[in-house]
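Mind docking these for me? Both chains are given alone in their own frames, and the hints should help you get the complex.
Okay, here's what each chain looks like letter by letter:
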Amino acid sequence: MAETPKPIDCDVLVIGSGPSGAVFAKRAAEAGMSVVCLEQGDWVDYSKAISDKPGFELTAPRDWQYVPTKRNLSGDYPISVEDSDIIPLYWNGVGGSSISWAANWMRNLPSDFRVRTLDGVADDWPISYEDLMPHYARTEREFVVSGVAGDPMYPGQDELLPPVDLTKAGRMVAAAQNRLGWHWWPGTNAIATVPRNGMEPCQQRTACMWGCVEKAKASTDRTHWPELARLGVRLVPNARVTRIELDRQGLARGAVYVDRKTGREHLAKAGIIVIAANGIGTPRLLLSSRMPGKEDGVANSSGLVGKRLMLHPTAAVVGLFDAPLESYRGAWGQVAYTLQFYETSQERDFVRGSKWSLQPTGSPAQIARRWPWGDENQLWGDAFHDEFARRFGRSVSWGIICEDLPDAENRVELDTETPDDTGMPGVKIHYKTGENSKRMLRFMAERAKESLTEAGAYRTVVAPQSRESGWHILGTAKMGDDPRDSVVDRHGRSHDVANLFIVDGSVWPTSAGVNPTATIAAFASWSAAHVVANRASQRMAS
Amino acid sequence: MSSGSLSAAERDILGSLADVLIPPATGAICASGAGVSGVLLDQAQSYAPDLPERLRGVIAKVGNLGPAQALQALKASDGAAYDGFCETIAAIYFLSPQVRAAVGFPGREPKPARVDVADLEELLLPVLEAGFAPRTA
Ligand SMILES: Cc1cc2nc3c(=O)[nH]c(=O)nc-3n(C[C@H](O)[C@H](O)[C@H](O)COP(=O)(O)OP(=O)(O)OC[C@H]3O[C@@H](n4cnc5c(N)ncnc54)[C@H](O)[C@@H]3O)c2cc1C
Ligand code: SF4
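Protein chains in written order, with my numbering: chain E, 28 to 569; chain C, 2 to 138.
This is chain C alone, in the form it adopts within the complex (with noise of 0.2 Å):
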C-alpha cells in the first residue's frame, strides 16, 4: 500500500458515505459491498493516484455528523463537490465485475460502428419523399 493510501479509519467512513449513495437494497449490491473502499479503491487508485487526496476532503467532514448528514452538508455548502464526490464514488463502484454484471453491462468490448447504408434505405425513404429541401427565401 502507497503512503498516499486511505487508512483503516479513513475506508471506514469512506464505506459508509458510500452506502449512502448506493444502499443495500435486495438483489442489488450496495457500495462498500463492491469493495469501494478497499479492493477496488487500490485498483482506482492505480488509476488515479491522487485519488485519496480528492477524497480525504470529504471524509474529514463526516466528523461528529453521521455520513448522511455530512453529505447534505457538502450538498448545501458546495454543489461541486459534492457531484465531484458522487460520480467518483460511482466510478469506482463500477470497476467492480460482479456490479457491472449485475446491471448488465459487458465492459467496454469492442463492437466495430460501420453500418451499411443499404441497411437504412427503408427508414430513409419517408425522409427523401417529404421534399425537404434548403431554404432560398
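Just chain E, with the same shape it has in the complex (with noise of 0.2 Å):
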C-alpha cells in the first residue's frame, strides 16, 4: 500500500526546483522559515552522465534531450508548438531547466530596467539594475560563477571564481574585436574553475554542454538542493501541483497537487506561495486555477496571465580558420561575449540589440549535426572528409541573443484537450518573430560574419534558423505598478492574491538580449529579502 505523505502546512511553499524556486527557497529557509518545495518532475539519474564517454552523442539525445517535444521524461506536460515559430525549451525535474542550461550566466545591463525611458518602446521595468546588485553577487557565489571581473559595461560585478580558458580561438576573436574597436569580455559561466560549493572544476573534454560528469556545471539539483535539504527544506518530487486554492478573502490558502507516483490528489497548505514554474509553467497553474468568480483563473485580473511570451529568436554564425584552434574543446559555456551591438542606434532600422556569445563547435559528432552548418553546407557523400576536416577542430561560433518586444498575441494558453496524466490541461503556445527581431537577426549575422572574418576566417556559415532555440521563456505575467497592466509587483507579489509571488521569468516586462538566468535568480533573491523582512505583516489565509 502506498504510504500516505506527511501533510504539508508550511511558511513557504515553493511551486519549482529550478534557479527561481531554488534560491527563494534558500532566502527563505536561511532566515527560519518552514519551506517546501513542490516539483512535478523527478532527479535526475547522473549514472547516465557519460561526458567523459564515446558514446556521449549516442545517449544524450535521449538522457538530456531538452527539446519536449521530443522526449518522454516523467514530469513532461503536453505541449502544442504547431502555432509558434519557436519552440520552448525547458526541463521539468528537480534543478528545472538549470539541468540543461549552457550556463552562460550574464546580468542585464543597467539600461534594460528603463527600456520605455531610453527607447520608447515597451515598458520600464519598477526595479533597477541597482536593486538587484547584491543579489546578483550573492547569487553569483552560489551558481560558481567564474569569468573576470571588471567589465566596464557590469558596474560591481567584482567576485567571480577564474575565468575558463579562452581558447585559441577565442584569442583570434578576441584581438580581431580590439582592431574593430569592439567590445567583448571573456566569457561569465555558472561553470567551476575551482572547486566551491561542493562543485568541481570544469574539464572541457570537448564541449559538452548536458550531464556534466565534473560536477562543474551548476544546476540547482547541486548547487542549492543537498544544502536546502541540510537547512531542513522539504523537497517532494513528482508532485504536480494542479491548482491554487484561494479562501473567501481572495488569499491562497494552498496548493492542490498530485503524487504522480500514486495518482493521490492533496492541500499543501502554506501562508505564501511562491510559484517558480517557469514563464510555461506559471501561466499554465495560474490559468488551471479556474473558481467560480475566477473564471479566467487565478491573479489574472489584468488579463495579461499568459500574454506577452518572448522567446529571444536567436542566430548563429560560423567562421573557419586555415588554422587548427581545437575547437572541439571549450567549457560551453561561452568562452568570450560582446554587448557591442547590444542599445538601440538611430543608424539602425530596429530597436534594442544583441549580446553575442563565442563557443567552440565541439566533438567530430557535434561537427556531423546539421544546425549550425545547413543544407548549403553538404557534409554527406563524397564531400565528407574534405570538408569535416575543414571543420573539425578549425572553426567556432557567435551564438547572437535577440532581445524581443512584448506582444500580446505572443501567449501561452491552455489546451484542455491535452490533459496530462493528472488530468490538468496541457498548452498552446501562439508565437511569431517580430519584424523589429527579423531586421535585428540580418543586421547582427552581417556583424558576426565582420569580427570572424577580421579574427582571419576564410569563410562564414549563418546557420539556418532553427526551431528549437525558445531556450528564454519570458514575459508571461508581467511586473508593473498598475494592477490594471501587470499582475505581480516589483517584488512578485501578485496585485489579486496578496501571499502569492511569482518570482521566475514570467515576471519580465521586457526581454533584455541577454541570457536571462542571473537576474532570473537575483530576482528571486530580492523577492525573497522583501517576504523575510516583511514576514510579521504579512496577509495569510486564515
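Check the hints yourself; a few may be wrong.
[Unchecked claim] Calculated cross-link-like contacts (lysine-lysine; reagent style PhoX-like; alpha-carbon spacing at most 25 Å):
| id | chain 1 | residue 1 | chain 2 | residue 2 |
| --- | --- | --- | --- | --- |
| 1 | E | LYS97 | C | LYS76 |
| 2 | E | LYS97 | C | LYS112 |
| 3 | E | LYS242 | C | LYS112 |
| 4 | C | LYS112 | E | LYS75 |
| 5 | E | LYS195 | C | LYS112 |
| 6 | E | LYS80 | C | LYS76 |
These are calculated hints, taken from the structure and not from any lab test.
Right under this line is the structure:
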C-alpha cells in the first residue's frame, strides 16, 4: 500500500525547483521560515552522465534531451507548438531547466530596466539594476560563476571565480574585436573552475553541454538542493501542482497537487505561495486555477497571464579557419561575449539589440550535426572527408541572442484537449517572430561575419533559423506598479492575491538581450528578501 | 548478440547506406571500413540498446532502391529522420579509435578549463581603454 505523505503545512510553499525556486527557498530557509518545494518531475539519474565516454553523443539526445516535444520525461506535460515560430525548451525535474542549460551567466544591463524611457518602446521595469546588485553578487557565489571581474559594461560585478580558458579561437576573435574597436569580454559562466560550494572544476572534455560528469556546471540539484535539505527544506519530487486554492478573502490557502507516483491528490497548506514554474509552467498553473468568480484563473484580473511571451530569437554564425584551433574543446558555456551591438542606434532599422557569445564547435559527432551548418553546406557523400577536415578543430561560432519586444498576441494558452497524466490541461504556444527581431537578426549576422573575417576566417556560415531555440521563456505574468496592466508588483507579489508571489522569468516586462538566469535568480533573491523583511505584516489565509 | 541486434543482411544494407554518407577516399576511412555496421555497431548498442530499432526504419526503406536513392528519398520525404540517421551514423563512426586518430581528435581527455586572469591582461587592455560604459541616456 502506498504510504500517505506527511501533510504539508508550512510558512512558504515553493512550486518549482529550478534556479528561481531554489534561490527563493534558500533565502526563506536561512531566515528560519519553514519551506516546502513541490516539483512535478524527478531527480536526474547521473549514472547517465557520460560526457567523458565515447558514446556520449549516442545517449545525450535520449537522456538529456532539452526539446520537450522530442522526449518523454516523467515530469513533462503536453505542449503544442504548431503555431509557434520557436519551440520553448526546458527541463521538468529537480533542478528545472538548469539541468540542461548552457550556463552562460549574464547580468541584465542597467539600460534593460529602462527601455521605455530610453527607447520609447515597451515598458520600464519597476526595479533597477542597482536594486538587484547585491542579489546578483550573492547568487553569483551560489552558482559558482567564473569569469573576469571588471567588464566596464557591468558596474559592481567584482567577485568571480577564475575564468574558463578563452581558447585559441577566442584569442583570435578577441584580437579581431580589438582591431575593430568592438567590445568583448572573457565569458562569465555558471561553471566552476576551482573547487567551490561542492562543485569541481570544468575539464572541458569536449564542448559538452549536458550531463556534466565533472560536477562543474551549476544546476540547482547540485548547487542548492543538497544544502537546502540540510537546512530542513523538504523537496517533494513527482508532485504536480494542479491549482492554487483561495479562501473567501481571496488569499491563497494552499496548492492542490497530485503525487504522480500514487495518483492521489493532496492539499499543501502554506502562509505564502511562491510560483517558480517558468514562463510556461506559471501561466499554465494560474490559468488552470479557475474557480467560480475567477473564470480566467487566479491572479489574472489584468488579463495578462500567459500574454506577452518572449522567446529571444537567436542566430549563429560560424567561422572556418586554416589554423588548427582545438575547437573540439572548450567550456560550453561561452568562452567570450560581446555587447557591442546591445543598445539601440539611430543608424539601424530596429530598436534594442543583442549579446553574442563565442562558442567552440565541439566534438567530431557535434560537427556532423545539421545545425549550425545547414543544407547549403553539404557534409555527407563525396565531400565528407574534406569538409569534415575543414570544420573539425578549426571553427568557432558566435551565438546571437535578440531582445524581442513584448506582443500580447504571443502567448501561452491552456489546451484542454490534451490533459496530462493528472488531468491538468496542456498548453498551446502562439509565437510569431516580430519584424524588429527579424531585422535585428539580419544585421547581427552580417556584423558577426565581419568579426570572424577580421579574426582570419576564410569562410563564414550563417546558421539556418532553428525552431528549437526557445531557451529563454519570459514575460507571461508581467511585473509593474499598476494592477490594471500587470500581474505582480515589483517584489513579485500578485496584485490580486496578497500572499501569492511569482519569481521566475514570467514577471519580466521586457526580455533584455542577454541570457536571463542571472536576473531570474537575482529577482527571486530580491523578492525573498522582501518577504523575509515583511513577514510580520504579511497577510495570510485564516 | 542480443535478440534486438541487426541481422547480417540488415548490417550489409546499413554498411552500404553508411558508405553513401561517409564514402571511401584516399587516405580516409569509410563508414563500413571503420566498422559502422560491425564491431562499432555492437559497441554503440551497448550505449543505446534501442539503436537497431532506430536504424531498422531507414534500412527497411531501401527495398528495391539503391542506398543512395533511398537516402535521397528519405531526405525529401522526412528531413528530420534523414538528419537523425546521418547524425547517428556519425556518432557510431567516431567511436572508432582509428577514425579519431585519423581526424586528429585526442578523445575526451580532461584539460582543466581554468586560466589566470594575468594571461588575459594584454588582450583586455584595449577594451579597458576604449571607454565602454553602460548606457544611461
Ligand atoms: C537548452 C537550454 C539552454 C539554456 N542556456 C542558458 C544559458 O546559457 N544561460 C541562461 O541564463 N539561461 C539558459 N537557459 C535558461 C535557463 O535554464 C532558465 O532561465 C532557468 O532555468 C529558469 O529558472 P526557473 O527556476 O525560473 O525555471 P525552470 O528552471 O524552468 O524551473 C521550473 C520548474 O518548475 C517545475 N514546475 C512547472 N510547473 C509545475 C507544477 N505545476 N507543479 C510542480 N512543478 C512545476 C518544472 O518541472 C521545473 O523544474 C537555457 C535553457 C535551456 C533549456
Ligand atoms: S564543458 Fe565543463 S562544465 Fe560543461 S559538461 Fe564539460 S566538464 Fe562540465
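Quick rundown of the hints versus the structure:
Of the pairs offered as hints, the one joining LYS97(E) and LYS76(C) holds, with about 19 Å between alpha carbons and a cut-off of 25 Å not exceeded. A threshold of 25 Å between alpha carbons decides the hint, and for LYS97(E) with LYS112(C) the separation of about 32 Å lies outside it, so the pair is violated. For the hint pairing LYS242(E) with LYS112(C), the CA-to-CA distance comes to about 15 Å; that is within 25 Å, so the pair holds. Note on LYS112(C) and LYS75(E): the hinted pairing holds, with a Cα-Cα distance of about 22 Å set against a maximum of 25 Å.
A C-alpha spacing of about 14 Å is found between LYS195(E) and LYS112(C), which places the hinted pair at or below 25 Å, so the restraint holds. Between LYS80(E) and LYS76(C) the alpha-carbon distance is near 30 Å, which puts this suggested pair outside the 25 Å criterion.
Taken one by one, the earlier hints fail for this structure at numbers 2, 6, listed in ascending order.
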